[in-house]
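A.B. asks: Sequence:
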Amino acid sequence: MRAHNDSLALSAINAQFIQNFITQNVKAHDQIIHPDFVCIEGSGRIVNRETYLKNWATDYDSSGCTSFTYGEQCIRIFGDIALVRSKTTAIRMVNGISRTDHTIYTDTYKKQKGKWRCIQVQITPIK
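Take the sequence shown: its letters are residues 1 to 127, numbered as in the working numbering.
Among the hints, erroneous ones may be present.
Unchecked claim - Only pairs whose alpha carbons sit at most 30 Å apart, straight line, appear in this in silico BS3-like list of lysine-lysine:
# : residue 1 : residue 2
1 : Lys127    : Lys111
2 : Lys127    : Lys54
3 : Lys87     : Lys115
4 : Lys111    : Lys27
5 : Lys54     : Lys27
6 : Lys27     : Lys115
Claimed, not checked - Restraint ranges, calculated between C-beta atoms of paired labels, are given here:
# : residue 1 : residue 2 : range
7 : Arg85     : Ala28     : 20 to 30 Å
8 : Thr106    : Ser63     : 16 to 26 Å
9 : Val94     : Thr51     : 17 to 27 Å
Note that these hints are calculated values from the structure, not bench results. As the structure is a prediction and not an experimental result, all values here were calculated from the model. Heads up, the beta-carbon is just placed ideally off N, CA and C, and yes, glycines get one too.
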């Protein structure tokens, strides 16, 4: 039963993560990422928590996205550690031309004091 409840909680957090991105909600996002959080971008660049949250406030608007969706969610729980993996589709305008990009991401979560928080995001472009 615990695994089922954790899976539901992680699915809800994943949905909130995406919603936070689209709405650029830094305050809500700050609540779901761990103090030691890092993001590994598709380029391989590692971004610390402070820079990540600073960028979060404008990333969606500056991306040129007109649509951003996720699917094929897979949640794997290993005690107090969990991996949440999904694929994304971003439709964006680049120089007046609509372009569709796909990524797959894996978010690593740690459960502390009954609360799941994301400690690492890794984003991989799908070519």
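A.B. asks: For this structure, which hints from the list above don't hold up?
C.D. replies: 1
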